[in-house]
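Asker: Sequence order for the protein chains is S and W.
Residues in the first sequence are numbered from 1 upward in steps of one, following our numbering.
Residues in the second sequence are numbered from 1001 upward in steps of one, following our numbering.
Possibly wrong hints are sitting among the right ones.
As the list claims (entries may be wrong) - 25 Å max Cα-Cα, derived SDA-like pairs, lysine to any residue: (1) W/K1085 <-> S/M270; (2) W/K1188 <-> W/A1037; (3) W/K1085 <-> S/T267; (4) W/K1144 <-> S/A245; (5) W/K1085 <-> S/K220; (6) W/K1085 <-> S/N271; (7) S/K220 <-> W/L1069; (8) S/K258 <-> W/T1075.
In case anyone wonders, no lab produced these hints; they're calculated from the structure.
Here the structure is a predicted model, which means the values were calculated and not measured.
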Amino acid sequence: MVTAPTSAAPMENTAAPSTLTIKVPGAPAADPGVASTLIEISDLDFYYGAKQALFDVNLRLDEKRVTAFIGPSGCGKSTLLRCLNRMNDLIDGTAIRRGAIKVRGIDIYGADVDPIELRKRVGMVFQKSNPFPKSIYENITYGLRIQGVRSKTRLDEVVERSLRGAALWDEVKDRLHESGLGLSGGQQQRLCIARTIAVEPEIILMDEPCSALDPIATAKVEELIHALKKQFTIIIVTHSMQQAARCSDKTAFFYMGKLIEYADTSTIFMNPANPQTEAYVSGRFG
Amino acid sequence: MTRFFDSELETFRSSLILMGETSIRQVRDALTALVGADIALADRVIAADDEIDRLEIRIDDEAIRYMNLRAPVATELRLVIVGMKASHDLERVGDEATSIARRAVKLASEPALKPYVDIPRMATIAIEMLRDAMDCFLQVDAEKAIAVIKRDSEVDAINRQLYRELTSFMIENPATISRALELMFISKSIERIADHASNIAEEMVFLAQARDIRHSDGLKKSGDL
């Protein structure tokens, strides 16, 4: 059972890389052409107090691939996403009462796993962009500074690499010391993605990252997702069927806390096995 | 849950069924005109080809509009894609019917080379194949579609037999050459109609199972043939 006080604010993406708590030393490097399982969710039952939100979820997520979680509101997809970096620990009364989540074979809810360390490896981008009320530069370097990195050369390198990685560098390179809050919504979301990748996580969780963005900003974030999967394992929760179809390699459909179907995205959108999946992706649900 | 644009999909389906019925009617009438030396009926078949051409354009318009505005996925997407492909085959069926009708007009003014037995038999099979293939569009029945594909060899066999028979007519009596050639072309047209029915049936398997069985290798691999 996992519980945590609500007082601790989610410290997303704010720490520098550390000794890996979930990496298996000597693990073979992933072959870019063949997906290997990075995250293994087995028999997972999750509760908000007395209310069960996830029922017996079994899912294996591929490394350096994009997986989309889809399903109607309240189906448990965001709950499961937040289980992957123990963000639910921050909500009173939440509990995994059965099952396990393993990353590279390590149980992330194990007694020896520090949730803060875990969240360094499993970054998160939220529905609403949430840059710190600081400069663009400080937004990117915040986590590294907390870790004690002081070298300006090192910080400058990370800022440029992260902003380039988030396809934002060209737009902000001349105003790095202006407030991140002065950016447009789409730029702010890409700043948050830059902040996430600055600490070099293995996994990036995205909870409806484009729902507040216009189509142009959405397209930029989707391009970014496509580019980032070369380096990162990405799991995206989305209500946009077209976004799931465009961005993801695999799609998992959830309904009422249960995983209904999980398959290659092309299969989910061309020939889903389950009639509920077909009804949902066709917009006939309800 | 119904959606406000579900009727558009029904309209699309109805257009395709109408095109199938019209094409079948054209083939049947062309054969009736041939066997009965009915020039007026043959002329009506030739004139009615425009109707099929217009239906093809209408179906394409409806499909493109639906894909553009309604972003179909899964079965719906397959339905629209298959519908567009099937309409193309049906348009070609209409062309073959017109070709048969034109030859029927030429043959009507000459004595019959031989009683019409094999050609109506071929045509009956081809029409049944077309009808069964189009039924699959409504019933979404892969087994029935595969049965259609298997019947194509019956038509091919009759075509080959007719070819041999008509060749010997021509060798024995050169005066029969022009009539025998017309009949060979008609036989070939019916054989092509059966091929189009097979194509539609293959698409119906894709509609039912999202499985592409086009070209014989696919069928052999799948163990269905």
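Asker: Each hint should be assessed against the structure and marked as holding or not.
Answerer: Here's how the hints hold up against the structure:
1. W/K1085 <-> S/M270: holds, 17 Å
2. W/K1188 <-> W/A1037: holds, 19 Å
3. W/K1085 <-> S/T267: At roughly 21 Å apart (the allowed maximum being 25 Å), S/T267 and W/K1085 satisfy the hint.
4. W/K1144 <-> S/A245: violated, 32 Å
5. W/K1085 <-> S/K220: violated, 35 Å
6. W/K1085 <-> S/N271: Holds: W/K1085 and S/N271 sit about 19 Å apart, inside 25 Å.
7. S/K220 <-> W/L1069: Cα-Cα ~23 Å, so holds.
8. S/K258 <-> W/T1075: holds, 23 Å
Of the numbered hints listed earlier, those contradicted by the structure are 4, 5.
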